[in-house]
Amino acid sequence: MPATPVAPSSIDARFAQLRAEKRCALIAYITAGHPTPEAGVQLMRGLEKAGVDILEVGVAFSDPLADGPVIQRSSQIAIEHGMSLERTLAMIEEAAVSIPVVLFSYLNPIMAGGPDVLHRARRAGVSGVLVTDMPVGSDPTREAWFGESGLDFVRLVAPTTPSDRMEEIGKHGGGFVYLISRLGVTGESATLADELPASVARLRAATSLPICIGFGISTPEQARAASQLGDGVIVGSALVRAAEQSVDAAIELAASLRAAMDQ
Amino acid sequence: MQTTGGVLAERVGDRFGGFGGRYVPETLVPALDALDAEFDAAMQDPAFLAELNSMLRDYVGRPTALSTAPRLSEKVGAPVWLKREDLNHTGAHKINNTVGQALLARRMGKKRIIAETGAGQHGVATATICARFGLECVVYMGEEDMRRQSLNVFRMRLMGATVIPVTAGTRTLKDATSEAIRDWVTTVHESHYIIGSVVGPAPYPRMVRDFQRVISREARAQMLERAGRLPKTVVACVGGGSNAMGAFADFVDDVDVELVGVEAAGEGLGTERHSASLSKGTPGVLHGALSYLLQDASGQVHPAHSISAGLDYPGVGPEHAFLKDSGRAEYVSVTDAEALSGVSVLSRLEGIIPALETAHAVAWIVREAGRWSPDEPVLLCVSGRGDKDVGTMTEHLLPSV
Numbered sequence: 002m003p004a005t006p007v008a009p010s011s012i013d014a015r016f017a018q019l020r021a022e023k024r025c026a027l028i029a030y031i032t033a034g035h036p037t038p039e040a041g042v043q044l045m046r047g048l049e050k051a052g053v054d055i056l057e058v059g060v061a062f063s064d065p066l067a068d069g070p071v072i073q074r075s076s077q078i079a080i081e082h083g084m085s086l087e088r089t090l091a092m093i094e095e096a097a098v099s100i101p102v103v104l105f106s107y108l109n110p111i112m113a114g115g116p117d118v119l120h121r122a123r124r125a126g127v128s129g130v131l132v133t134d135m136p137v138g139s140d141p142t143r144e145a146w147f148g149e150s151g152l153d154f155v156r157l158v159a160p161t162t163p164s165d166r167m168e169e170i171g172k173h174g175g176g177f178v179y180l181i182s183r184l185g186v187t188g189e190s191a192t193l194a195d196e197l198p199a200s201v202a203r204l205r206a207a208t209s210l211p212i213c214i215g216f217g218i219s220t221p222e223q224a225r226a227a228s229q230l231g232d233g234v235i236v237g238s239a240l241v242r243a244a245e246q247s248v249d250a251a252i253e254l255a256a257s258l259r260a261a262m263d264q
Numbered sequence: 145m146q147t148t149g150g151v152l153a154e155r156v157g158d159r160f161g162g163f164g165g166r167y168v169p170e171t172l173v174p175a176l177d178a179l180d181a182e183f184d185a186a187m188q189d190p191a192f193l194a195e196l197n198s199m200l201r202d203y204v205g206r207p208t209a210l211s212t213a214p215r216l217s218e219k220v221g222a223p224v225w226l227k228r229e230d231l232n233h234t235g236a237h238k239i240n241n242t243v244g245q246a247l248l249a250r251r252m253g254k255k256r257i258i259a260e261t262g263a264g265q266h267g268v269a270t271a272t273i274c275a276r277f278g279l280e281c282v283v284y285m286g287e288e289d290m291r292r293q294s295l296n297v298f299r300m301r302l303m304g305a306t307v308i309p310v311t312a313g314t315r316t317l318k319d320a321t322s323e324a325i326r327d328w329v330t331t332v333h334e335s336h337y338i339i340g341s342v343v344g345p346a347p348y349p350r351m352v353r354d355f356q357r358v359i360s361r362e363a364r365a366q367m368l369e370r371a372g373r374l375p376k377t378v379v380a381c382v383g384g385g386s387n388a389m390g391a392f393a394d395f396v397d398d399v400d401v402e403l404v405g406v407e408a409a410g411e412g413l414g415t416e417r418h419s420a421s422l423s424k425g426t427p428g429v430l431h432g433a434l435s436y437l438l439q440d441a442s443g444q445v446h447p448a449h450s451i452s453a454g455l456d457y458p459g460v461g462p463e464h465a466f467l468k469d470s471g472r473a474e475y476v477s478v479t480d481a482e483a484l485s486g487v488s489v490l491s492r493l494e495g496i497i498p499a500l501e502t503a504h505a506v507a508w509i510v511r512e513a514g515r516w517s518p519d520e521p522v523l524l525c526v527s528g529r530g531d532k533d534v535g536t537m538t539e540h541l542l543p544s545v
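These protein sequence lines map, in sequence, to chains A and B.
When we follow the numbering used here, the leftmost residue of the first sequence carries the number 2, and every step to the right adds one.
When we follow the numbering used here, the leftmost residue of the second sequence carries the number 145, and every step to the right adds one.
Isolated chain B, as found in the complex (with noise of 0.2 Å):
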């Protein structure tokens, strides 16, 4: 493992080590510049920050509990500690990002907004969010992900959000993000486009981690007081990877904490079916980074497979290629059926219905059960809440309940 000095100097400007950049068409460019200084101005700027603390806190419900999970636990042999974003408002961590960036794009005085969703959560946590500051607010999702996740659809159109189905390729996450690309080339001048994940050009992968960064830095200060201690594993999903990136950022420099990134691996990583772009990846460019992405020899995006819209995607944020590279995290993946079996374990015996992307990660635990000795704890990002997905679940579990 690389030292920490070594870990934060390869992370610098609008790279991460190798991965990362902006590759986008040259109309974007100054307007990647001017989010680029505004972001860097905002942070400095103590009103902002204020008023970001106030919105997280009053109207998002921040900070997050920290809940303990006996038997799961139990089960696993080794305290599990779960970090419950999926007690924010809206029902996951996309919140964190999204009023941050809409903060932003107030201070630079547009009016509408834009966004891409694939499970709809980011989606959902950008219409509540206009909704609360007046701003219009255009979504795009892929057909395939309306239909599975219809009931983000509706919260979306209630709040206001105009949604606009994407018919192009695979209608999923991926073609929902070229299409919302192509609007912001066109109305660059009055939107600002809410990237929902550690994603695309610089600076929306440092931006999106650093709203993100609330997850981690309530977790290690409730960790240090409730368990005495860091946690031995933090452990988190990885589609585009900004609940990951969130629950990571403020352990990287504890360099004892280990970070392991959950993808999915669909129908197996022997199958052309999965989302597992770490794993099975090479580096490549998609939606303006270079990064680890599924793709053919000649440079085509290969179509994605997870059960989980929210993870059904062929890229991910470059700053988890860097940490993969330098050996800082590592990155394991977990097939659709343990993420259903991850659905049943954490509904049975924690009482907490997780998001099928959140499953992922606690199917991994279960599955790891014995790598733990008692008194190392582990800490599990339960990204978001499994309502929208309760169509998928009972399709697949209840007969079996």
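Only chain A is shown next, with the shape it has when bound in the complex (with noise of 0.2 Å):
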């Protein structure tokens, strides 16, 4: 198991840590509010047991256009729960993990919080944020607000993205780069997609920061594959499935991962 602690939580030490231990950092995503808004805490202080080094904690939209069935059912449980922003940010708060937390998010909540939501976050215990619709330069303007807001801002590369632009994605971006592994939504995959180490490749010289890959990875054995190929590795509707059985489904899944990882 993991473990040395670090001190609340910057991304960036994580990494610096990970690197030393030649460790593949552990990602795990999870709807906040799901299954229940109860088991939110208990997940999140599970996960970070079982050996996850970085948690994405899902802000639950009603129209999640990236996401599969998976995470989109999800969502949808916790808005019936009456999950926000602001109560995701309360149970962040109460957890109190001391991994570093990154705020998974579509564009519209956060702006119908404003830009005082992203102070309200890092106070919360937030280090960085993922906006799933937003692209470098969609939006200078709101672009800005992350970059002010003193969180890592997390940017997404997808297989699709030119190597010009993923040297601007790199620029604009903190934390880490998450790597989409293939075309398409989240959700499960039989395999890894072929042009996958072809991707990494690119993004490698295209940026220092370290990168995750995520999208269609949830056994043990593909976490393991991507962790040969990457800085860490990002499992989210696979727990989110498991999470839908029991909280300890989900936990026993991570520390699977954890252990293939490890191998």
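The set of hints was computed from the structure by calculation and includes no laboratory data.
If you anchor each label on the Cβ, the simulated ranges turn out as follows: (1) B:D531 with A:R121: 48 to 58 Å; (2) B:K255 with A:D13: 42 to 52 Å; (3) A:G148 with B:R515: 43 to 53 Å; (4) B:D440 with A:R20: 37 to 47 Å; (5) B:A181 with A:E168: 17 to 27 Å; (6) A:S247 with B:M187: 54 to 64 Å; (7) B:R515 with A:S190: 54 to 64 Å; (8) B:D440 with A:A191: 32 to 42 Å; (9) B:E195 with A:R20: 51 to 61 Å; (10) A:S190 with B:E195: 36 to 46 Å.
Take a look, some chain B residues computed to stay more than 12 Å from chain A by CB distance: (11) D184; (12) T212; (13) K219; (14) G372.
Part of the chain A face toward chain B, derived, beta carbon under 10 Å: (15) V60; (16) A61; (17) D64; (18) Q77; (19) I80; (20) S85; (21) M112; (22) T133; (23) G138; (24) S139; (25) A159; (26) T161; (27) T162.
Where a beta carbon is used, it is the ideal one built from N, C-alpha and C, also for glycine.
Hints are included, so try docking the two chains, each in its own frame, into the full complex.
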């Protein structure tokens, strides 16, 4: 099990430590408020104990167009439970985990809160923020909110992203780069995409930020394979699906992912 | 009102004032860049324009008629002119856009077409042009809309399209649009997504507007020729807003021409059951663009409601948001009940059964009777015919007929 405790939570510090230990980051995604609002704190703490290095906490949105059926369903359930960005921040604050927390959101809930919500996020213990539908250069005014918030602005890169744009993304991002492993929305896949090693190589040449690979990674074998390529592995839908069964099932899956990556 | 120069100066790049933009997953950015460049190149290419114009003339049946409406005019107290988009092949304005985008898809070498549809008119128009060009066609449609517009589901399937029911969320146009975008993110190399309205990420709002602009280009010339003057007011219904943008576009610079968009007030603006994004919404991001949006205080999109599936959408095209804020256009609303009376009025007075969407614009003109003097012509965009709605109309109207 991982374990040297880190000072509250800088993503950079966590990656520095992982580099020193020659280990790959395990990043776990959960949807705040799923399976229930009460389970969120327990889930966050349990995932930390299971050896997760960074937690991505998803803000439920009514129209999650980048997500597949599992995360769509979890968002719907969370909204039915009255979950919102404010309640998500309250949950993060209550969980008070020592690993870094990245807020994972669509732009609209953040826009509704205004730039001040990012400062509140920071006070609640959030280290970074990722916005699924605000690509680099799409909205300089609002992108600046993230730069000024003191949070690491985690950017996404896709298999379709040209190399010069990868450089641009690296320049305007912080924490790590989220490399989308394949075309499509979030969700589990049988195998890793063939083009993944080439995408990682192109991205390495474009940025010095840690590269974390997500979308379609669900099994310990896939996590292990992705950990050979990237600095971090992101698992979302598989954990959310496990959480539909129970909090313990999600925590057990995280522990098995961690074990496979550390082999 | 701003000057013409002011209005135009604000409509640059991928923004209309502060509205529009491109709020999409990173995966789609290169495809949107490519589409943007291809659209601009095509619109400068005489061969593309010649083919587009020939398709519009010989396949769609353009130019569409401009009809007088003597009995409706008498009721309103001013001459009402009808721009007959209902006479297009497939029965609505939607095909103006699908012909243009399908030609563009072919030019880009895309063999598979994705579309979303609410009332089914855009789905039918897409299935139609895909059959004509031999392209694979996949249409996403909310389960609730498939029930309301079953005739159009049948038409799409007859023409070889695959209609995929969407069971997420409100099971209407909003969710069908999300599902179409998910498909596109997954198949972006081989697919082109034909959005049916002036919504979505840039370049869609301006591209769809420019393919629908033919409505006002023809209508403006027809008004000058037939009425000897420009209309005092141009009226069109607004859901996403494509027939309205098409009807407004060539009149925007004519600052004396009033532009009026009619939204769906559903069961009333005082209730939570309406689709009046411009009248009651606040700025937000949905489906790739920043525009007015029905949403709650925490940024969750509020389900829309309208008796007409084509207006049942919580967002609206970003250029309409801009025209509203700049004061260049006025946006009003009409309830479900008023829209049904609009169906009766146009059917009985003029022998034209309008789509429920169009009936909103009819009802507003009737409500405003007396607003115009007898020498002030009103131009109404009859966006579509009502055949698809006979089920709903029969249910609500026949007992009283």
